[in-house]
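For this one, chain A is given, so just place chain B on it according to the hints.
Top line first, the protein sequences correspond to chains A and B.
The first sequence begins at 1 in my numbering and counts up by one.
The second sequence begins at 1 in my numbering and counts up by one.
For the record, the hints were derived by calculation from the structure and aren't laboratory data.
Model, not experiment: these values are computed from the prediction.
Only true hints are included.
Example chain B residues on the side facing chain A (calculated, C-beta under 7 Å, incomplete):
| hint | residue |
| --- | --- |
| 1 | 84 |
| 2 | 85 |
| 3 | 89 |
| 4 | 99 |
| 5 | 111 |
| 6 | 120 |
Ranges between beta-carbon positions, derived for each pair:
| hint | chain 1 | residue 1 | chain 2 | residue 2 | range |
| --- | --- | --- | --- | --- | --- |
| 7 | A | 305 | B | 75 | 32 to 38 Å |
| 8 | A | 444 | B | 143 | 25 to 31 Å |
| 9 | B | 176 | A | 399 | 54 to 60 Å |
| 10 | B | 32 | A | 312 | 48 to 54 Å |
| 11 | B | 177 | A | 309 | 34 to 40 Å |
| 12 | A | 477 | B | 48 | 55 to 61 Å |
| 13 | A | 305 | B | 129 | 25 to 31 Å |
| 14 | A | 32 | B | 32 | 53 to 59 Å |
| 15 | A | 309 | B | 126 | 28 to 34 Å |
| 16 | B | 48 | A | 298 | 41 to 47 Å |
| 17 | B | 75 | A | 298 | 27 to 33 Å |
| 18 | B | 73 | A | 305 | 37 to 43 Å |
| 19 | B | 229 | A | 28 | 58 to 64 Å |
| 20 | B | 46 | A | 13 | 39 to 45 Å |
Reference listing, derived: stretches of chain A covered by chain B, where coverage requires no fewer than 3 residues with Cβ under 8 Å from a Cβ of chain B:
| hint | region |
| --- | --- |
| 21 | 304 to 311 |
| 22 | 368 to 380 |
Glycine included, each C-beta is placed from N, C-alpha and C at the ideal position.
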Amino acid sequence: MKPSPGSWFWLFMHEMRLSWRGVSGSHFWTIAILGGLLWFFMHWGAWVSLPAGYPMLRGMLAAPVFLGGLYWLFASLLLSQTLVHAVNALIVREDLDLLLSSPLSQRTVFLVRGLAIAVSASLLPAFAALPLAHAGLLRGHPEFLALYPLVAASGLGCAAAGIAITMTLVRLLGARRARTAGQVFAAVVGALFFFAFQIPNMLSVPSREALKAWLKTQLLDNGLFGAASPLWWPARAGFGEALPLLAVVAVGAGGFWLAVSLTYRRFVTGTQESLAGGRSSAAGGGAAAPVFRAGLTRVLLLKEWRLVLRDMQVLSQSLMQLLYLVPMVLIGFKSGPKNLYIVPVIVAGAAMLAGNLAWITVNAEEAPELLASSPVPVSRILWIKAAAAVLPVLALLLPLALWWAPRGPFEAATLLLCGGGGMLSAALIQIWSPRAGKRGDLKNRMKAGGPAGMIELLSTIGWIAAAVFAGGRREWLPAAACAVALALAAAWFGGRRARADTWGSAAPEPLRA
Amino acid sequence: MTNSHKSGESAALAVSGLTKSFGAKRAVDGLDLVIPAGEFHALLGPNGAGKTTTLRMIAGLLRPDAGTAAVFGHDIARGATAAKSVTAFLPDDPLLYGKLTPLEYLEFVAGLWAVPPDAAERRARELLDWLELWGNRGEYVEGFSRGMRQKLALAGAMIHEPRLMILDEPLTGLDARAARSVKDMLVAYVKKGNTVVLTTHILEIAERLAERISIILGGRIVAQGSLDELRSRTGAAVGPAGATLEDVFLELTEPA
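In isolation and in its complexed conformation, chain A is listed as follows (with noise of 0.2 Å):
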């Protein structure tokens, strides 16, 4: 039976419709076939391993820090998720003018939009956990269909956290900052439980004891992580424990009807408004008298470093990549300059760094036919804008190469001849095999780059692998310099119609097929 017209039900699943055209797209039935197979599989392991495994489980209940820790770093990425959910749902899809506009209450549009958020993002953990339940079920442990209950509150309780977090940066920042302000927002929520774990890797040997000692009487049964915490309440929810399994239920519950009722009466009020509200003003004082400079180098590579470091989302994609590294980057410099493996790991920074730079400003050019017009031959236009990607890479690796020299004059020339190398192919690559972009498909651009994201990636582990290899193993290096040519060959050769396709008439006479 169809859901009546203009019912929650029915906007309800024209949200799920909507949702699920944007995963499947049109491989709909494969995905279909092999999740189905997959979770079949996920079942029947569960089934076979619940036997044995159940008193293990309830072993670790006794001492709940392992299942409850999972718990929450799960609902770390859970928050994540539903927080890029919610900038899109509130910020970026353009539909809400329509559903405001139309007789449904704003209310029922607000409570399916966080209700199509909070399925959304629960759609993973209910995939992973529930098989469990069933299997629960057919042995005899019937507590676990509490997963149900636990994965569907967790799930409207992120909502609700999700789209309090929007609406308050929405608030502050006005609806475009907001928009970016949340996916940087969510990535280091999401990045959160990995930066905690590498705290004490940080530390120094007294600040880390210092830690432990604090941890060990936290860990005991009064203590903030003892095992009568109701920190870890949502684990003693999975087993069915009536109190917590309550709690966690109406702390969602609760949440997410009070998010839905605070926000919907103010975004009319705010969201909208700061949506259609004024424009965004440069700044630095950008309505000062006007400072023209001289050069089509200089003009060129200001155009794009001001694109750059003014595009918060481009900027704080790249640089969460980034902050993954660095705290690989300081227990290597803690363990001393000698210390040859921390050198990949900067080599992979600078590549990816000057790969996503190289392909923002080859690639994702907003204006491709003013430049295409104009009477600067092609060639030189995608030159300088490979400088304006490396330059900034260099900059950054020239200092830590000049710091390192009299300290380990080896490593120090295997950083700048291996990153240089690194962030120059990443560059090439995308000259030699371009594929247009839009700015905002940055994070996908290795998914979605065609065969362009493969062949940079090849090249980067050469050059990773080459530093590595410098290190000891020499014998091996021949292989990661075949890495890297065969890459460039590809990118050079596999180019050829990418390239004419690209720049068309314009493209430069050296690069055309």
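Then chain B, alone, in the frame of chain A:
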């Protein structure tokens, strides 16, 4: 209008046998067109007639399959740099940089055409003033309306004072006031001896501004001349003032 300018120089645009196909579809089919310097020329035709493809080939954005085009004697294939140096192309939906201010955008465009900074600054101020964008000079373009973007793109096209302007639907999205200021600007620009070639679906603009009109159909020019010449060619006579351009256009582009 400076007629001496027209007669004394090579054609602003000379197109011969220009051909372009996309797969099996021939978008432009051996098109010939000569536009003297200092002329305001309108290129009219129904949707899909080949107007935009023709303009994009002239601007160097598409490579012709056959034929030649020359801007002030500079072949667009062999002398692309020289041809582009004196040309500006404004596409129907110009893409601008959302995170640049109008002044930064104009600085960049001036850099592409190697306009000296002092002259570029002065010209940028004049153009933004004229197009009523000076008050928005400190704002990012991403917040601009369609009309404001169109005006800024036009300013970008004019900052290097091109001798030939190729405009694809330049008045799309402009309000009446903005459209008037753009039309005035283009007329003044042609009066200085420069050349404008534009496509438009607003026939009133072509009727009022263009000295000569080319009607393109199926990738070929099917009629060319002043409005009076086109009227006499079709023999259409409607109303006391004779046929309007709309009558002429509809008759010439009527499906066979």
